[in-house]
Every structure is written in C-alpha cells, then in structure tokens.
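A.B. asks: Fit the two chains together into the complex; they arrive one by one in their own frames, and the hints show the way.
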Amino acid sequence: MNNSSTIVSVQNISKSYWREKLEIPVLSNISFDIPDGEFLSLMGPSGSGKTTLLNLIAGIDRPTSGTITVSGNNITSLNETSLAKWRSNNVGFVFQFYNLLPVLTAYENVELPLLLTKLSKKEKKEHVQFALETVGLADRMDHSPKQLSGGQQQRVAIARAIVTDPTLLVADEPTGDLDKHSAEEIMILLERLNSELKKTIIMVTHDPRAAEKAHTTKHLDKGELS
Amino acid sequence: MQIIKLVFKNLKRHLLRLFLTIIGVAIAVLAFTLLKTVVTAWYAGVDAAANNRVVSTHAVSFIFPLPLTYREQIARVEGVDKVCYFNWFQGVYKDKNQFFPRMATDPETFFDVYPECITTPEVKEKFIRTRNGCVIGAKLAKEYNLKVGDKMPVTGDIYPGDWEFEIVGIYKGRDKKSDETWMVFNWNYLNEQIRATQPSRAEHVGWYTFTVNKIDKIPQVSKQIDELFKNSEARTKTETEAAFNQGFISMSGAILAALEFVSYVIVGILLLVLGNTMVMSARERIREYAVLKTIGFTSSHLTILIMGESIIISIVGGAIGIALTYPLVAGIGEALARIFPIFNIAPSTLIFAIFFSLFAGVVASAFPVYRATKMSIVDGLRHIG
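Sequence order for the protein chains is A and B.
So that you can map any letter, position 217 of the first sequence is 217 in the working numbering, and since no number is skipped, the others follow by simple counting.
Start counting at 1 in the second sequence, then tack on 226, and there's your number in the working numbering.
Calculated from the structure, these hints are not laboratory results.
Careful: at least some of the hints might be erroneous.
Think about it this way: if two alpha-carbon atoms lie no more than 30 Å apart in a straight line, the pair counts; the simulated DSS-like pairs of lysine-lysine are [what the hints assert, rightly or not]: (1) A:Lys85 / B:Lys398; (2) B:Lys308 / B:Lys398; (3) B:Lys398 / A:Lys146; (4) A:Lys85 / B:Lys320; (5) B:Lys320 / B:Lys368; (6) B:Lys368 / B:Lys402; (7) A:Lys124 / B:Lys238; (8) B:Lys322 / A:Lys118; (9) B:Lys350 / B:Lys308; (10) B:Lys368 / B:Lys352; (11) A:Lys122 / B:Lys238; (12) A:Lys146 / B:Lys368; (13) B:Lys402 / A:Lys118; (14) A:Lys122 / B:Lys235; (15) B:Lys403 / B:Lys368.
Stretches of chain A that chain B covers, calculated by requiring three or more beta carbons in the stretch to come under 8 Å of a beta carbon on chain B [unchecked claim]: (16) 54 to 66; (17) 72 to 85; (18) 109 to 121; (19) 178 to 184.
Ideal placement from N, C-alpha and C gives every residue a C-beta, glycine not left out.
Isolated chain B (complex conformation) (with noise of 0.2 Å):
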C-alpha cells in the first residue's frame, strides 16, 4: 500500500457526501465554462477581425451614410489594397424574430476583402452577373434549408418595399472564428432600387471595409484617410475592425462585466462546496491524523493525504463539468446561432477551468492542512470526532 492508495480509501468513506461534492463541482464548472463561453461568444466578432482590415464610417455616427465617391479616394490612399462597401439592409425574412445580418456590399471584391468565406470562382463571377443575387453562409442554409437557386423574399424596413434576392452561392467559413450566418446581396441591386424610388439616398454607402498592404501602416492610413475627408460632406472615422467591432460590444460593457463577475462569484461558491466538504471530513478525522502523527507521518504525509483527497475530487469534479459544457454548448450553439453566431468553448476557457478546478482543490484544503498540522498529537489523540 503507498500513501495514495491510502488517499483514495478515505476519499470512499462517505459515497453520498463524495458524490455529491463531484457533482457540485461539476455544476460550478459547468457554470463558469458557460459564462465564459458566452461572454467569449460576445466578443467573437472582434476576435473574427482580421487585422489587415479598416473600417471607415461617417465620423458622427455609423447611421449616417458615405458617398460612393469615397471609393476610389480610399483606393488611392497608399497602403490600401482592396476597398469593400456595405449598407445594412435587414428587413424581414419570413418574421421579425429572424435575426441574421443582411447586408448589401460590392461583389467585385467582398471575397477579396473577406477570404475566411470560403467559396469557388464561378460563385464570385456569378455573384457579380447576378443583379439581385446573394450568397449565404453555410450555417444560414442549413437553418432554413437553403440551397443554391432558392429565391429568399425579403420585406424592406430601412429601405421599404419588397425584395427578392437569389442565392447565387453558399459560402463556407475558414475556420471556427468566422461567421457563417452572413446574407450578403449584390449592392448595385439595392442602390437601382433606392434611385428609382429615393433618388437621394442613392450612391451612398454605409461603411467602407478594405484591406491594408502592411499592418504597421494601419493608424497612418486611418488618419491620411480622415485627413482626405475631413473637409467634405461627411466626415469619416476610420479605425480596425476590431475596434470597430468593439464599438457594438462596449454598448453591452455592463451586461458582461456583470455576466464575467457571476462566473467568478461561481468560483467563489465552488471554493465553499469543495472547503466545506473538506472541513468536515477533516474533522471527522482529527484523531486518525494525530495516530498517523504517532507512529511517526510529518506534516508533509498528512498534506499529501487532506490535499491529495481534495485535488481528486475538484480534478473530477472539473473534468466531469468540462465535459458536461460541451453537448451543452453545442446545443445552446445551435439554439442561439443567430444571437452568437459562433460559440464554442475557448482554449483560453478551458485553461482557465481547469486552474480554477485545480485552485479550488488547494485552496479547499489549506485550513484543513493547517489544523491537522499544527495540531498537537495529545489534543488529537482525545477529540472526540
């Protein structure tokens, strides 16, 4: 027999009490990992961003639109490689409740500018002949069991009427990180449409995206770029996507400051359901540790036996909890796809699971430790547990 074995023989004392503590753990694992998962998913979008590409908008707002003429102004910008435009679209597509984003852009160079949408050359040239073609993400079509050659009838809300647009192409993204529920149309179909009906609103963008040569020329192309405009119709505020993307979040900054302080109060209650369990197991065997400091174990063996004992249980505990979060994230993932269109457990997540499982484990059992260690044989030997 070694002092291990000797861990797992007091660790099948109280099944009950055991069981319980794992699945304890596990929840609060469980918990913490879906928190983190959400807030993560939150902030999918400035984690998406590449970091070559640039976002220009009108400098009051994102509402406000920028002339089409900018285009070949931006272009000319050195550093600029390619330049894409976009106006959110939206509408209704089937009811209200269904949520993806629905946008016009160019289709000369939105695959381009976005590589991580993975599609075949004739889809991008029939992207292009298509005057009210689309193309959809992967994730989209599967959701409403779209295909190539379907017809999608969009009810206009920004821009009122009656929209029909044919999916010309299903994009594929490159990897976890990208989006695949896009709905992207070709914007000379839009802008046809508006100067017919709104001659005004016509040959104006809503936002600019290009890509850049070299990334370390990013903040001198940003300001050149808001230099060239600063004297015309509509200023522009040019910055990463990222921090263009972060924009969005920051206006829900309290809602997941709050959800990231819950996942650490879970950690907190994790720390009190392990220390608890381990408290009373302690005690229950303070005369046991003083016959094990009689024939002659040290504070390191009895260390090893309270927080080996400890450490077992929050390591299951987490590994079940962890492995509980994934069917559970994938589901949730499925069921929410259009709220977070990706949202899936980071490594950075799981790192951090694990330590605070691990952490637990240590911290549950200090006291315990302590009491057992400092405390004299001779009060050992006459508790009365």
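So here's chain A without its partners, still in its complex pose (with noise of 0.2 Å):
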C-alpha cells in the first residue's frame, strides 16, 4: 500500500530466530506504513520485537517472510553489498549505547559515514561542521569520546546519523542510557530534527516521556502490534 506520503511500508512481515533446532518466532505479520515525515515510537515490554522491527527497516536484519519498501525501494529484495550501500545513502542511526568510534575525535565519527561517498574533502568538512552544529558541539569537534559526557556523545553520534542527509532516522532506544536532563536534550534535538530538517524518525524506546515527543506510537507486545 504505496502512496506518495508514505515513506516506509511494512507488509506481512514475520521473523523467526533459530536456536539450535529450535524456531524463536519474533514477529508475526506485521502490517503498518509510515507517512513521510513522521515521528513514529515503537513501545513494548522487552521481547515484544521492537528493536527487530527497527532493525528490519533500517536494513540491517532480514525478515523470514514479507516485504519492506523504503522510498520506493523493496529492501528485502537487496543483496548484502546494495543493501549497505542503500543503507549509508538512506537511513541514519542512533544506538543506545552511542557506539563511537573510541580512537577518533569527534569530527571524525561524524565523517565516518562521508569516508563512503565521493564528496571533496572541502564538502566533507562543510557537511561535518553543520552536523555537529546542528546538534550544537561545534566546539568540542576535537574532542575523543571519553572526554564528553554521555550526552554529548549521544549528540555526536546524532549528527553521525544526519551527517549524510539521510530521509530516515532510526534510533533504539536513545535515552536508554541517558540521565533525565541529557535524555530531556536528545528528545529536544530529535524533534528538531523532525520538525526543521524534515526527517522522518522510528524510535524504539521504553520510556513514556520519551514516547510523548512522538506523533504516533505503536505498542508492540510478542511480536504483534497492539
């Protein structure tokens, strides 16, 4: 069910884990689209498939059964290697636990992503610099990991994700591991990113306050949307 505001489209998606001999069902045909431009977060208790979901759309696991089209593109057709490239060109993402590079600064986590694309060194650095002062750590781009606080580093691993433009912004759970007030920050920035730079955003999250700043929720619960 494709229209032109939809962005992402999830169709009878099921997934399975094997353990052994053993099949894990994770999720069960799972239908649901998401507009352009939105700000969608995935609840659940822990085990519900909300992270699997997340990881499905963005490209980075394989469902068992059923169809994703992100943009147009049915992703669940791709190979390993069209898929990561469609990944570095599309989607951005925000880990709950920052997952920074610890032996580069901060400007280059956020260049990471850009070490993939043709881009001159001078539009390298442009890109870089707006990132980081969209999340506001223009100022500490020379800094390591360890030498900013845990928000902060969620911030550089924000501008990490926007750094190439992508259309779609995914982040599991970004305030898991944030105290109230940096939490506060990220969920601010994530808005403004949806409202200013027009990204659409999944986030996965257990937390209710967090959940709020979203348009919509989903509540999933054993691997069927509620």
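C.D. replies: What follows is the structure in structure tokens.
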C-alpha cells in the first residue's frame, strides 16, 4: 500500500530466529505504513520484537517473510552490498550506547559515513560542521568520546546519523543510557530534526516521556502490533 | 580522513600490545634470517664454486693421494685448460683451535685456476720463486695482523715437522663470495721435505683442480679423465668443483635439514604471535565492525581495515628484524670467520624474509577478516566486548 506520502511500507512481516533446531518467532505478520516526515515511537515490553522490527526497517536484518519498502525500494530483495549502499545513503542510526569509535575525535566519528561518499574534502568538512552545529557541539569537534559526557556522546552519534542527510532516522533507545536532563535534551534535538530538517524518525523506547515527543506510538506485544 | 587513517588510528589503541607484537615479529624475522644465513654460509663453498672448474680425486677416497704424473696426462685431455693441484696440509698455527685452510699448491697455476683470488703479477712471480713462500687471504691477514715478509711457523700433523713459511703476498677476494681465509704455499717446499723424510709419499698430490675451456664439455672431459686412469694404480673420480664441495656439506646434511626446519618453525611462531594479536584486536572490536557495517561499510572495507593493520604490523616488525640482522650477521661473521669464511645475508634470504613478513600479515588477519565480514550486524551490535 504505497502512496506519495508513505515513506515506509511494512507488509506481512514475520521474523523468527533459530536457536539450534528450535524456531523462536519474534514478529508475526506485521503490516503498517509510515508517512513521510513522521516521528514514530515503537513501545513494548522487553522481547516484544520492537528492536527487531526497527532493524528490519533499517535494513540491518532480514525478515523471514514479507516485504519492506522504503522510499519505493523493496529493501528485502537487495543483496548485502546493495543493502549496505542503500543504508549509507538513506538511513541514519542512533544507538542506545552511542557506539562511537573511541580512537576517533567527535569530528572524525561524524565524518565516518562520509568516507563512503565521493564528496571532496571541503564538502565533507562542510557537512560535518553543519551536523555538529545542528547538535550544538561544534566547539567539541576535537574531543575524543571519553572527553565527552553521555549526552554529548549521543549528540555526536546523532550528528553522525544525519551527516549524510538521510531520509530516515532510526533510533534504538536513544535515551536509555542517559540521565533525565540529557535524555530531555536528546528528545528536543530529535524533535527539531523532525520538524526543522523534516527527517522521518522511528524510535524504539521504553520511556513514556520520550514516546510523548513522537507524533505516533505503536505498541508491540509478543511480536504483534496491539 | 581516509580509511587508511582509520587503520593507523586502530593501531594506536593498545600501544604496549602493538610494541610487543612488533618486537615479537622482529625477533622471529631476525631468527629466521639468521638461521637461513647460517645454512647459506654452509653452502658458500658450493655457491662460490666456479662453473668451469673440475676436481679429480682418488676414486676410493679424498684422503688417498694421486701421482703427480697425472698432471701432464690431465693437461693433454682435450678441453682442459689450466691444471692446478693441492695437498691438504693443515698443521697447527699458534694453537689447535686456530682453524683455516692451509694447503700446498702449484704456484705456477694457482692464480690462473682461481682468478677470484686477486693479487699483483709481482706477488705471483715471488710466489713461484720463493721456496717456502705462501700467500694468504686478506681476511686472514687482518685477523692475525700479518703482513708481507712475516714468518708463519706451523707444526705439521699430516706432514710432521716444524715448518716455517714466509708470506710473499696477500690476495683479495673478487667479490663477497670469495673466501679470503686461505693460506696456500709452494708445493715444491712440501715435496722436497717429504722426499727427504718419507720418500714413498713424495711426488703425490691430494687432488687436481683444473679449468675447462667450455662448460658443456665438463661431463665428457670428466669421463675421459676417469677412463684414462681406470687401470692405473690410483683410479680417479672427476666431478665439478660444486659437486666436490657439496660432498663435504652432505656430511652435515642432517644438521642443515634441522636448521632449515627450525627456520620454518619460526615462521609458524611468527604467524601465531601476529595471529593472536589480530584475533584479540578483532574480538574487542566486533561491535565497532557491526556499527561500521550498519552505516554502510562493506566486507571489502572491513578487510582493508583488519588486513591493513595486520600487514603494517608484520611489515614494520619484519623491517626491524631485517635491519637488526645486518649488524648481527656482521658481528657473527667476524667472530666465526674461520668457521664461516663467507657469512653474508643472501638476496634470496632477504626476499624470503620480506615475503614471510607479508605472508604472515595476510594469513594472521584471515580469520578475523572472515569473522568480521560474515558476522551479522544484529549479532555484532549485541556483542559485549
């Protein structure tokens, strides 16, 4: 069910994991669409399959059955190399534990996705500076991750996620490892990215206050949308 | 920033581990190069053999002498150019542990048959004219601080008695393969003394060494000479100088094979040292590789990151090992000059060392590369390292 305002279309998605010979179903026949510019939060208890669903939409995992279309591309039919290229062009990732490379400065961490592009050195610099200014850390670009607080590290991670100007931003528990104040700052930042830069955001969270910032909340329970 | 810069950034994560690994690789390469150099030094005589030189010895054993009369007959064989002959003299100079080759030779032809021993026409002339004259190699002269005009007293063992030689010249080797530790003296001096004391041993030589006009004639000439003395009192065995020298080395074959084996075991150790570091490093970074894959890095990118790091360590370690080998080989060469007159790092050893360093870098990273590229992103992100 694609139309001009739909950016993500999830159709009859099921996902099972295998532990030795035992099949563990995680998602069962899930279908829904996400309109362009949406800020969607996925909530649910642990083990409900919300991170798995996020991973499938972001193209870092493959469904057992069903199709996922993002911006008109059926990502479930892409091979590994094409999928990697698609991710680098279309998706920005924000993880719970930031996942910055400790040996790189904030600037270099944000620059990482641009290593895969053909942008000139000057263009890369402009992109990185814009991303760091957007998250309010332009003055900390030479700092290494361990010289930054948790909230600052997450903001660097968000800058890394938006530096390639992706259409889709996926965030897995972006405030899960932060104190209340830092979490609030991150949510404000995500809201700004959605409203000002028109990023479609899909966020997994346990935190009801974080979910309140989203336009829409979907609940998952035992692998099904409730 | 380029991907290669990321490789260098990764290298600096654990400086102590990096340092120890590089040292480990350097020591392994050093040991490998040194052992190969020892093996090469053992074969130096074979390598230094001229391809137009042929040796005739007694068919039964090298220790039995051949009559001097064979010289003319050998010289008459078609294809034979210059004929020289030797007696192994040895004896004791200073003390029993002072080993270097001491041989009686034909002063008329020695420098023609051994053109790699460079000296002046005046020395050659003096060598012929001086009854007890001897010529020594430059390395020997340096080691014993000997100069032209000095006397060399030697106590004979194979040929008993007190012998006094006068140094009439010092020869230099034409290249690094030339042995500069020989002491050769006028055969006539030896023969005169033997004639007086042990007449039955006189007019005999230990072996003949001669040059052949055309290399392709060597088998034919050798066969002809052996045929010539087939029914004589002393049958001959004629072979190339390389084969003759190889015969001596064959006696140490087991030791050399063991050394060769150990040198390859060292390559295995090198692989383990580097492989262990790379496996540890890659395991610690599983989550980072998953993050890199998430943002679009492909298997090729990860291969460059991991293999690049491994190759840099192995090349740096290898280069340090090779660099250290040179002064060590020079020192050992000087200390063991009498055992290994030619002790140099052969180009082939150098190529082997570089190749094995590179090979170790590639092989040591193979498993981490496989693991990182085959790992699913989801599993990698869950990894707690």
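A.B. asks: For every hint, state whether the structure bears it out.
C.D. replies: So, going through the hints one by one against the coordinates:
1. A:Lys85 / B:Lys398: It is violated: about 68 Å lies between the C-alpha atoms, which goes past 30 Å.
2. B:Lys308 / B:Lys398: It holds: about 21 Å lies between the C-alpha atoms, which stays within 30 Å.
3. B:Lys398 / A:Lys146: At roughly 66 Å apart (the allowed maximum being 30 Å), lysine 146 (chain A) and lysine 398 (chain B) break the hint.
4. A:Lys85 / B:Lys320: violated, 80 Å
5. B:Lys320 / B:Lys368: The given pair, whose Cα atoms are some 16 Å apart, holds under the 30 Å limit.
6. B:Lys368 / B:Lys402: Distance of about 16 Å is within 30 Å: holds.
7. A:Lys124 / B:Lys238: Holds, at about 25 Å.
8. B:Lys322 / A:Lys118: Violated, because 75 Å separates the two Cα atoms, which is more than 30 Å.
9. B:Lys350 / B:Lys308: Judged against 30 Å, a Cα distance of about 16 Å means the pair holds.
10. B:Lys368 / B:Lys352: It holds: about 21 Å lies between the C-alpha atoms, which stays within 30 Å.
11. A:Lys122 / B:Lys238: Satisfied, since the Cα-Cα distance of roughly 27 Å is no more than 30 Å.
12. A:Lys146 / B:Lys368: violated, 63 Å
13. B:Lys402 / A:Lys118: violated, 54 Å
14. A:Lys122 / B:Lys235: Holds, at roughly 22 Å.
15. B:Lys403 / B:Lys368: It holds: about 18 Å lies between the C-alpha atoms, which stays within 30 Å.
16. 54 to 66: holds (count 4)
17. 72 to 85: holds (count 4)
18. 109 to 121: holds (count 5)
19. 178 to 184: The restraint on the segment 178 to 184 of chain A is violated, since only 0 of its residues have a Cβ under 8 Å from chain B and three are required.
The structure is inconsistent with the numbered hints 1, 3, 4, 8, 12, 13 and 19, although it conforms to all the rest.
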